[in-house]
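Student: Put together the whole structure using the sequences plus the hints.
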Amino acid sequence: MGQKAVFLDRDDTIVNDPGYMNHPDQVELLPGAGEALVQLRQMGYRIVIITNQSGVARGLVTEEVLQEIHHRLRELLAKENAYVDGIYYCPYHPEGVIDHYRKESDLRKPNPGMLQHAAKDLDIDLSRSWMVGDSFRDIAAGKSVGCKTILINSPAKRKIPGPDDVLPDREAVNIKEAANIIRMVDAHGQKSRPETKPQTAERSQNTQQQESTTKTQKTQQQTGTRSQPVTPLRTAKPKQTESAQQDTAPKTQKSEETKVQRPKEDESVTKMFEEIVSLLKKDGRSDLYDEFSILKVVAGIAQGLVLFCLLVSLWFLMDSTKSGQAVQTAVLYGMVFQLMAISFFMMSGRK
Numbered sequence: 001m002g003q004k005a006v007f008l009d010r011d012d013t014i015v016n017d018p019g020y021m022n023h024p025d026q027v028e029l030l031p032g033a034g035e036a037l038v039q040l041r042q043m044g045y046r047i048v049i050i051t052n053q054s055g056v057a058r059g060l061v062t063e064e065v066l067q068e069i070h071h072r073l074r075e076l077l078a079k080e081n082a083y084v085d086g087i088y089y090c091p092y093h094p095e096g097v098i099d100h101y102r103k104e105s106d107l108r109k110p111n112p113g114m115l116q117h118a119a120k121d122l123d124i125d126l127s128r129s130w131m132v133g134d135s136f137r138d139i140a141a142g143k144s145v146g147c148k149t150i151l152i153n154s155p156a157k158r159k160i161p162g163p164d165d166v167l168p169d170r171e172a173v174n175i176k177e178a179a180n181i182i183r184m185v186d187a188h189g190q191k192s193r194p195e196t197k198p199q200t201a202e203r204s205q206n207t208q209q210q211e212s213t214t215k216t217q218k219t220q221q222q223t224g225t226r227s228q229p230v231t232p233l234r235t236a237k238p239k240q241t242e243s244a245q246q247d248t249a250p251k252t253q254k255s256e257e258t259k260v261q262r263p264k265e266d267e268s269v270t271k272m273f274e275e276i277v278s279l280l281k282k283d284g285r286s287d288l289y290d291e292f293s294i295l296k297v298v299a300g301i302a303q304g305l306v307l308f309c310l311l312v313s314l315w316f317l318m319d320s321t322k323s324g325q326a327v328q329t330a331v332l333y334g335m336v337f338q339l340m341a342i343s344f345f346m347m348s349g350r351k
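When you line the sequence shown up against the UniProt record's numbering, it's residues 1 to 351, in that order.
FYI, nobody ran anything at the bench for these hints, they're computed from the structure. Only a predicted model underlies this, so the values are computations on that prediction, with no experimental measurement involved. For every residue, glycine included, the Cβ atom is placed at its ideal position computed from N, Cα and C. Hints may be right or wrong, so weigh each one.
Said to hold, decoys possible - Derived CB-CB ranges, DEER-like: (1) Glu63 <-> Ile160: 30 to 36 Å; (2) Gly304 <-> Glu80: 30 to 36 Å; (3) Thr270 <-> Asp17: 34 to 40 Å; (4) Gln328 <-> Tyr20: 47 to 53 Å.
Tutor: See the structure below:
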């Protein structure tokens, strides 16, 4: 039996996506990526990166530079004690400008070629593995080879499935939550494996019922009573009982129909509320997995200084011994601190 693995997309899954990355200095790990990979490794998973790199076919980056980018990625992960077993990429694209790379390829997601190559090289059991990525191409590639799938669907970059998109098994706001989902699924699977006794009990009950039915049939035959053949899978009701039920229960059917029929407006309202609840849950999960930001702390301090400057200006204004210039100075300092607070908040949100 092969080993289990987690296949990870690269951009916007474990590293920030600046567009077409073409320099090693652009590699920036997403918050919690290293910690998530360490957690997956501790659970016994191999970790493999699977990424489409059409920038090679478009002439935006060479394969040599791409190797340097991936070397830089390994260095950043190693600083957090996280390691990957392999990095597979597809440089081909049918609309590429370089002839050598301008073609269709089974390596390019949503095709599963890279996953199949990795499974062969690293002895991976795809049925026990996961595919985690931020696009529906990743999900389709994983599903086509029997992997369980998780879509990274953050509130900042919401993904809405199209009519032809393959839906994931689970969704997560970032790689940290994806690792927690895998951990919980594994724990649930281990708990549910040894539960085999109830099935044997049910089988014994079924055998007892069959024995009792055979005994009653034998006694009926001995006493001379007529018994119709038993068909346990197909039990048709007599026509008289059906007609009786239809005649005697028209009122109950009407009442049930009135209960089932609901106005379309209520359905649309409930659907809207369900969408709002799901959005709030995802936003709450994203806040739960956000990292500590020093920029937010500095912005909060600056905002507090704004309030302090306003109080000082009011005190100077009420004091007859203070000049108007002192009031203006305090207000000016407050404006400067306010601009600093806004700038720091914007920088933290951009991150």
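Student: Are the hints correct? Go through all of them and say.
Tutor: Structure-based check of all given hints:
1. Glu63 <-> Ile160: 30 to 36 Å: holds (34 Å)
2. Gly304 <-> Glu80: 30 to 36 Å: 33 Å Cβ-Cβ, so the 30 to 36 Å window holds.
3. Thr270 <-> Asp17: 34 to 40 Å: For Thr270 and Asp17 the Cβ distance comes to about 37 Å; the hint holds.
4. Gln328 <-> Tyr20: 47 to 53 Å: At roughly 50 Å between Cβ atoms, Tyr20 and Gln328 fall inside 47 to 53 Å, so the hint holds.
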